[in-house]
Amino acid sequence: MKRNVLGRALLAAVISAGVAMQAQAHRMWILPSATVLSGESPYVTFDAAVSNTIFFPDHVALPMEQVAVTAPSGEQVPLQNLAKGHYRSTFDLQLKEEGTYKVSRASAGLRAFWKDAAGKRQMWPGRGKSADDAEFATAVPKDAKDLRVIYDYRRTETFVTAGNPTSEVLAPTGVGLELVPVTHPNDLYAGEIAEFKLLIDGEPAKNAEVVLIPGGTRYRDSQNEITAKAGSDGLFSVTWPAAGRYFMEAEYEDDKAKAPATKRHGVYSATFEVLPL
Amino acid sequence: MHIKPLQRLRSLALVAGMSVTGWAQAESLQVSIEIPRLKVAEYHKPYVAVWLEDESRRATQLAVWYDVHMPNDEGKKWLKDLRQWWRRGGRSLDMPVDGITSATYGPGEHQLELALDREQLAALKPGSYRLRVEAAREVGGRELVEIPLTWPLDKSALPLTGSGNTELGAIRVALLP
Chain A
0 MKRNVLGRAL
10 LAAVISAGVA
20 MQAQAHRMWI
30 LPSATVLSGE
40 SPYVTFDAAV
50 SNTIFFPDHV
60 ALPMEQVAVT
70 APSGEQVPLQ
80 NLAKGHYRST
90 FDLQLKEEGT
100 YKVSRASAGL
110 RAFWKDAAGK
120 RQMWPGRGKS
130 ADDAEFATAV
140 PKDAKDLRVI
150 YDYRRTETFV
160 TAGNPTSEVL
170 APTGVGLELV
180 PVTHPNDLYA
190 GEIAEFKLLI
200 DGEPAKNAEV
210 VLIPGGTRYR
220 DSQNEITAKA
230 GSDGLFSVTW
240 PAAGRYFMEA
250 EYEDDKAKAP
260 ATKRHGVYSA
270 TFEVLPL
Chain B
0 MHIKPLQRLR
10 SLALVAGMSV
20 TGWAQAESLQ
30 VSIEIPRLKV
40 AEYHKPYVAV
50 WLEDESRRAT
60 QLAVWYDVHM
70 PNDEGKKWLK
80 DLRQWWRRGG
90 RSLDMPVDGI
100 TSATYGPGEH
110 QLELALDREQ
120 LAALKPGSYR
130 LRVEAAREVG
140 GRELVEIPLT
150 WPLDKSALPL
160 TGSGNTELGA
170 IRVALLP
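Here the protein sequences line up with chains A and B, keeping their order. Sequence positions in the first sequence follow numbering that gives the first Met the number 0 and run 0 to 276. Sequence positions in the second sequence follow numbering that gives the first Met the number 0 and run 0 to 176.
Treat the hints loosely; a few may be bogus.
For lysine-lysine, the following DSS-like pairs were computed, each having C-alpha atoms within a straight-line distance of at most 27 Å [stated by the list, open to error]:
hint : chain 1 : residue 1 : chain 2 : residue 2
1    : B       : K44       : A       : K119
2    : A       : K83       : B       : K79
3    : A       : K128      : A       : K114
4    : A       : K257      : A       : K205
5    : A       : K114      : A       : K257
6    : A       : K257      : A       : K128
7    : B       : K79       : B       : K44
8    : A       : K205      : B       : K38
9    : B       : K76       : B       : K44
10   : A       : K262      : A       : K228
11   : A       : K83       : A       : K101
12   : A       : K83       : B       : K75
13   : B       : K76       : A       : K128
14   : B       : K76       : A       : K83
15   : A       : K257      : A       : K144
16   : B       : K38       : A       : K262
17   : B       : K38       : A       : K228
18   : A       : K141      : A       : K262
19   : A       : K262      : A       : K119
20   : A       : K114      : B       : K44
21   : A       : K205      : A       : K255
These are calculated hints, taken from the structure and not from any lab test. None of these values were measured; they are calculated from a predicted model.
The following block holds chain A by itself, in its conformation from the complex:
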């Protein structure tokens, strides 16, 4: 219900608040019209947005430049009929191969927060902006008060399957905070347990915090959040309370950052569809 300048979610303003682990106001999601498909070369259409309400676009359309689609064969597939509206980006995919496709948007980079001589909070890159890590040296004053430098990873994904599910696209890249489904992400059913593994730069993301929210928040009085925490092996599980579409967000932070960063921080979000038994 409020505040939040354009692209706050894209920017981890969270960190500027000085809180190490905190969910952000706006959720980044890519929502497929269907996740389990049959027939010859079926089409799926997608909405992509950053919003407060799951899954209603109410803030900004998801910038699509970094969105990539990987086909079951590993081939990169272009987005079809891409359009960017005020609140929502849309695109189609025709699933010409049988198996599981991954739709993914990943970004990473340095972020810095400090107080200037007047005691005012500053951040780089600026709110709603992106920057090249090479600009860090000139853009951020090294002797600034309360200077914090973070290496930040963001990843947003969803999965769709034509015919029999496959697992090639589920292999991690080894960069940033990633989800490795143990239970196939297009084989989720109400009442069943699904298991997932979180990795940070390819290693188990120990103690990463996970929040799951069922879609349709506008039509109820509470968020109905399901929370979980990754174990030392990065594993966590969830028992789906009901069929529907779920937004998942995981967050991880530690001190294992490459200079000039002193913190390594990752946010991973995904959309899953759970079918009725």
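Fit chain B to the known structure of chain A by using the hints.
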């Protein structure tokens, strides 16, 4: 606890100077609203609306707390999340409304004091009403608490109390001399 805008609101009602029978001039309706402290990762102060509703669902607006400080009135974007209030007159108000709207408040007990001779209250016909308090919080929940009452208030029945479970705590209706 005293809230500045409410004091202003009270004096405003006083200068309105409606002559009322049955009420002492300076008597005030007091509504205490508790906003609970919540253990959540991300907390935003709730939007809150308070109104009286008669048996034909006609509303008398008493208060709306929303984010009045956002540039370009952007805080109005979420007023509709007070979804019962919105259909019970919120949507026809030209916000902000002097004497009704104020900024949001954080956890704690907040007192709303409304002079009984202010125009809206003075115009109330005797009968059965419900006091309705609705709260909605960004990336949080929403709750509506109702307290049935008769107007004019039966002093022997005061204070009237109600309570929320999630977004609202204790609600209390009393008269101040």
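Hints versus structure:
With a C-alpha separation of about 24 Å, the suggested pair K44(B) and K119(A) falls inside the 27 Å cut-off, and the hint holds. With a C-alpha separation of about 26 Å, the suggested pair K83(A) and K79(B) falls inside the 27 Å cut-off, and the hint holds. At roughly 19 Å between alpha-carbon atoms, K128(A) and K114(A) fall within 27 Å of each other, so this suggested pair holds. In summary, the hint linking K257(A) to K205(A) is supported, as the alpha carbons are separated by about 19 Å, within the 27 Å threshold.
Of the pairs offered as hints, the one joining K114(A) and K257(A) holds, with about 22 Å between alpha carbons and a cut-off of 27 Å not exceeded. Simply put, K257(A) and K128(A) have alpha-carbon atoms about 22 Å apart, close enough for the 27 Å limit, and the pair holds. Only pairs whose Cα atoms come within 27 Å are accepted, and K79(B) paired with K44(B) is accepted, the gap being roughly 16 Å. The hinted pair formed by K205(A) and K38(B) meets the criterion: a straight-line CA distance of about 23 Å does not exceed 27 Å.
A C-alpha spacing of about 15 Å is found between K76(B) and K44(B), which places the hinted pair at or below 27 Å, so the restraint holds. As the CA atoms of K262(A) and K228(A) are separated by approximately 20 Å, the hinted pair is consistent with the 27 Å bound. Restraint check: the Cα-Cα separation between K83(A) and K101(A) comes to about 20 Å, which is no more than 27 Å; the hinted pair holds. Between K83(A) and K75(B) the alpha-carbon distance is near 25 Å, which keeps this suggested pair within the 27 Å criterion.
The hinted pair formed by K76(B) and K128(A) meets the criterion: a straight-line CA distance of about 24 Å does not exceed 27 Å. Between K76(B) and K83(A), the direct Cα distance comes to roughly 22 Å. Compliance with the 27 Å bound is thereby established for this hinted pair. With a CA separation close to 21 Å, the supplied pair K257(A) and K144(A) stays within the 27 Å bound. The suggested pairing of K38(B) with K262(A) holds, with an alpha-carbon distance near 25 Å, which does not exceed 27 Å.
With a CA separation close to 17 Å, the supplied pair K38(B) and K228(A) stays within the 27 Å bound. Distance check on the hinted pair: K141(A) and K262(A) sit about 16 Å apart at the alpha-carbon level, within 27 Å; holds. A C-alpha spacing of about 22 Å is found between K262(A) and K119(A), which places the hinted pair at or below 27 Å, so the restraint holds. Pair hint K114(A) plus K44(B) holds up; C-alpha atoms about 26 Å apart against a cutoff of 27 Å.
Pair hint K205(A) plus K255(A) holds up; C-alpha atoms about 13 Å apart against a cutoff of 27 Å.
Hint compliance for this structure: every hint is met.
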